[in-house]
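Enquirer: Sequence:
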Amino acid sequence: MLLLSQNRLVWVVIGVAVWLGSCTSKEKLFVRHVSSQTGITFANRLTETDSLNALTFEYMYNGAGVGVGDFNKDGLTDVYFAGNQVSSRLYLNQGSFRFRDITDESGTSTNVWCTGVSVADVNQDGWPDIYVCVAGPTKDSTQRANKLFINQGPTVDGVPVFTERAAEFGLNDMGYSTQAAFFDYDRDGDLDCYLLTNALETMNRNALRPKRVDGEAPSTDRLYRCEGKLPSGSEQGKATVSFAARHVSRATATTPYVNVSRQLGILTEGYGLGLCISDLDDNGWPDVYCANDFLSNDLVWMNRNNTVKPTFTNQAAALLKHQTHNGMGVDIADINNDALPDIVVLDMLPPDNYRQKMMLPGSNYNRFQMDLNMGYQPQYVRNTLQLNRGKVVMNQEQEGGGPVSSNNDQLPVFSEIGQLAGIEKTDWSWAPLLADFDNDGWKDLFITNGYRRDVTNLDFIVFNHEQASFGTPEARFRQTKEELYRLPEVNLPKYAYRNQGSDPAKALTFEDVSEAWGLNLKGYSNGAAYADLDNDGDLDLITNNIDDEAFVLENRLNQREKHPHWLRLTFTPAPGLPVTIGTKVWLYGDGDGQVQMQELSPVRGFVSTVENVLHFGLGAATHFDSLVIRYPNGAKQTIRQGAVDRLLAVQYDPEGVWQEPAPATQPLFAEVDTAQSQLRITHEENTVVDFNRTPLLPNQYSQNGPYVAVADVNGDQLDDFFMGTDVEKTSFVYVQQPDGQFKTVSLPGSDAYEDMGATFFDADGDGDQDLYVVSGGSREEGLSTAYQDRLYINDGSGQFQATVNALPATRSSGSCVTVADFDGDGDLDLFRGGRIIPGQYPKPVPSYLLRNDSQKAGGPRFTDVTDQLAPGLRHVGLVTAALWTDTDNDRQPDLMLVGEWMAPTIFTNNGGNLTQANIPEFTGQTGWWCSLLACDPDHDGDTDYVAGNLGLNSKFRASAEEPVQVFADDYDKNGRLDPILTFYLNHEHVPVAQRDVIMTQIPAIKKRFPTYHDYANHPFEEMFTDDERASALVLRAEQMASCYIENKGKAGFAVHQLPIEAQMAPIYGLQAADFTGDGRIDLLLAGNFYGAETISGRYDAGKGMLLAGNGKGQFRAVSNTGLNLDKDVRAIAPLRRPDRSTWWLVANNNGPLQVWRYTSKPTTSL
1 MLLLSQNRLV WVVIGVAVWL GSCTSKEKLF VRHVSSQTGI TFANRLTETD SLNALTFEYM
61 YNGAGVGVGD FNKDGLTDVY FAGNQVSSRL YLNQGSFRFR DITDESGTST NVWCTGVSVA
121 DVNQDGWPDI YVCVAGPTKD STQRANKLFI NQGPTVDGVP VFTERAAEFG LNDMGYSTQA
181 AFFDYDRDGD LDCYLLTNAL ETMNRNALRP KRVDGEAPST DRLYRCEGKL PSGSEQGKAT
241 VSFAARHVSR ATATTPYVNV SRQLGILTEG YGLGLCISDL DDNGWPDVYC ANDFLSNDLV
301 WMNRNNTVKP TFTNQAAALL KHQTHNGMGV DIADINNDAL PDIVVLDMLP PDNYRQKMML
361 PGSNYNRFQM DLNMGYQPQY VRNTLQLNRG KVVMNQEQEG GGPVSSNNDQ LPVFSEIGQL
421 AGIEKTDWSW APLLADFDND GWKDLFITNG YRRDVTNLDF IVFNHEQASF GTPEARFRQT
481 KEELYRLPEV NLPKYAYRNQ GSDPAKALTF EDVSEAWGLN LKGYSNGAAY ADLDNDGDLD
541 LITNNIDDEA FVLENRLNQR EKHPHWLRLT FTPAPGLPVT IGTKVWLYGD GDGQVQMQEL
601 SPVRGFVSTV ENVLHFGLGA ATHFDSLVIR YPNGAKQTIR QGAVDRLLAV QYDPEGVWQE
661 PAPATQPLFA EVDTAQSQLR ITHEENTVVD FNRTPLLPNQ YSQNGPYVAV ADVNGDQLDD
721 FFMGTDVEKT SFVYVQQPDG QFKTVSLPGS DAYEDMGATF FDADGDGDQD LYVVSGGSRE
781 EGLSTAYQDR LYINDGSGQF QATVNALPAT RSSGSCVTVA DFDGDGDLDL FRGGRIIPGQ
841 YPKPVPSYLL RNDSQKAGGP RFTDVTDQLA PGLRHVGLVT AALWTDTDND RQPDLMLVGE
901 WMAPTIFTNN GGNLTQANIP EFTGQTGWWC SLLACDPDHD GDTDYVAGNL GLNSKFRASA
961 EEPVQVFADD YDKNGRLDPI LTFYLNHEHV PVAQRDVIMT QIPAIKKRFP TYHDYANHPF
1021 EEMFTDDERA SALVLRAEQM ASCYIENKGK AGFAVHQLPI EAQMAPIYGL QAADFTGDGR
1081 IDLLLAGNFY GAETISGRYD AGKGMLLAGN GKGQFRAVSN TGLNLDKDVR AIAPLRRPDR
1141 STWWLVANNN GPLQVWRYTS KPTTSL
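Counting from 1, position 1012 in the sequence shown corresponds to residue 1012 in full-length UniProt numbering; the numbering is continuous, with no gaps.
Just so you know, the hints here were simulated from the structure itself, not pulled from any lab data.
Some hints could be false.
Within a straight-line C-alpha distance of at most 20 Å, the following computed EDC-like cross-link-like pairs (lysine to aspartate or glutamate) qualify [what the hints assert, rightly or not]: (1) Lys73 with Asp536; (2) Lys1007 with Glu1022; (3) Lys1007 with Asp459; (4) Lys1050 with Asp890; (5) Lys1006 with Asp459.
In this text, all values refer to a predicted model and were calculated from it rather than measured experimentally.
Turn these sequences into a full structure, and let the hints guide you.
Expert: Shown next, in the form of structure tokens:
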């Protein structure tokens, strides 16, 4: 991603000075114009009957779309609304926000259930046409034939006239169409049509079943290729018919459009609701994103750019780590100005506790795993924002079998950061529109939402289920319908989010400005479009509403005295350029390093079409440096410096063929494949489902390995390594040979334990490296011999034997081990951290301070001296990482710890006695810490620290004022702790768990809260009595960000959050070295966690990251590193090679060991 330059920062500051004052005026940015002002009276009114309602037709309230276009080419944008039970309507823009209904005059009325609106010049005669998708409850497929209104041009009065000709064109598809997008997928100079399809189904659409991937499902989308001569629509258009006439020689069908779905691989089902076209991999060939509802995953059809035989392959699983569950609308645009397209898809997660508890059932880990085993990708009920992290080499399986490519395709990968961005909870949502509504140079987000009946109400669902066993079918239906009409309406305010990318500290995040911008209007809004309706240089909004007049919202930004600048681009077909849809533009700012990228792809959001114009906000810039244009035919054009605040009609004047520019810098890292490394090692997890024992857990604690330890075990000056395994798997030490290969040395008896932390050290003073391995996991409840640690003694040649009676009993499930001579007697001692007591979470876990009391004659022996020498250390908490470090420069190793529900903790060493230090700067820093590293990034001679935490990309947003907490007690007296997690939603203190989950853990809750409403309607303080809460173990987390902890010597410590780019996922792997070659310490970070409960979902946005240090303790994210550490990472370790280069070993839970190398020079440790 692009980094903030000093010039760009200056540009931002100047922009703020110029217009921010006026933007904070009490005047709203948008103003609604009602029908008496605009003449737009359209309302998508629905009439419910006994035979037509949400019980008989589940998509009753999905609404319809809106499309905009200049249909009479008078320079004003006109508006077309689709209607479900009412006719669609066309409104002619007469200027000054006055419109005239010309539906009947224009011939564009409808009498079927219309959904999506697509505006495009289908027959390439120079006049925009209207394609309307048709669906609805009817079983008569002829009533679902889509409509194509071909523009004949205007009358003398300026009224455009249309004729309906879908059958003539071969586009009268009679499936269940949601939306269509016209684009030139094969770059042959005409518009093809992708048709997003749904289906009427009698089965439960969320019932688990095998995927249908061979085109047999009625909800399989269609792709129509334009193969024949296109009929002209108007006299004015006859001159351009020659663009299509060249197809007549290959036309074999009776219509211009032919369904080629099967030939091109469009065979996978999906309950389609959202559609957007974008060149996701920037190879010049348009790709297709389909947002799908219910069980069906989203589809990402990557266009395999083969002009001889183009095909599409669904690469959703390769590009995305997870998706929305109920995919609604979708938009694709560049949200962080790194010139890469990002993706937003909407779902229906409410922002408040009451509606969340009334809508979401409990998490179901077993069902989630069954979905994965059936080939479904993970999906969660929330809006997702997929941040494009650039292209990586792919060589994995595509859906349906077979490799992605025979030559290792490069495909973009995405990190889902909706929660980090703050846009994940907008309730029952439909259209997302990414555009620069305040013209500051950063794309904002507008969201429509609302639903006529709250059919997801869990009490209503329970009522239906209970009614199923009583009475006649007629009586049951009558009662259910009565309950349906009693349901509350989901009448919601719209959302507007301002992109905060201009502030480096707030990059990748959005501010809710719904009220400030005047867009928090309530209603049941579905389709939406943006356009500059009054040609004043800012974007206005139109929404299609159920049972209410359409919203027409004027943007008054440019009516203010001081306002930011803008530029708008239009493109017109010309000889050699018959199609302009798909044009891609990079706008470069004037010397400030700013770049904006946009694609001309008007179908976006939900069942709608936005203006066919590219709109750029420019902030304070008074001109642009250059425009680089890539046309859909592959031609390139550059326009040098130009003025702003105008509509620029770009004339086609290509300078050659566009070629993807080489990256400014070469990647710093490259993966070493297994053919070269010969390290075909995969960690295999023996599944233990902790949620079956303790449903209220936030995470699985059986998935915390593996760790890696590195040392020279045989004295040949080559690094060797150990990687842990799970129970029933033998562990090995991998001994490096002079030729760079490895031989394995097995560890006897290791298959009886689950390995966690490990370290090589000289336990017995004989000069070689022995191995200590911590035992952990959660397969045994409570304290158990299953968690006994092991010490393997090296015979000097790299062969290991397990010791007997060398270690004291370690009965707690452990996490980590660290080595130092803390008592100064010349041998190495140990600290071993305790991670969890299964069944007693979050009770503090026994940890162990082990003094080395080995005697040469008697062999190695360690003594537990925790209580004797380190009061308070035994039950310090749920330790995840530890290190011995001299925090106070007294040349004695102190002990530093982090853990879950812990603050960073230091036990200072005073002559071999450890005392917990009181560090004021660590107050308020309790978190879910997971890793710890010592280094000196500010080069001041003392030791600083980097601590990995959960990160900020989760629903757990913690602070001192609104912490995440756990209240644990044996509420039901069954011998196990019941950990009730709480957090704050809209400043209300509420339980995290849904009612179904807490009832599974504490069945008596059902009596206390007999309905979902009862449970949802109470804050946490009212759910349990004072006495019940008084006896609970209460822990809190106030800091979830990963941090740099600066050691300021006698002045104490300062805790600084790492850059926002490092907060996308938990950090488990940490390494410090001079990776960039400037003599300063940089940080290599990696981590994810797949073991979270299934409502929150996996933490999987991590791809590995390099933070470049400036030598002063400050860091910036480095782009184009080449890293793709996207698995369930647990550890990173450097390994020296025979040629003195460094490999970086990356250990993944339930996945392969990955090996990465530095591409330019050996890495220098600092």
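Enquirer: A separate judgement is required for each hint: does it hold in the structure or not?
Expert: Verification of the hints:
no. : hint                 : verdict
1   : Lys73 with Asp536    : holds, 17 Å
2   : Lys1007 with Glu1022 : holds, 15 Å
3   : Lys1007 with Asp459  : holds, 15 Å
4   : Lys1050 with Asp890  : holds, 12 Å
5   : Lys1006 with Asp459  : holds, 13 Å
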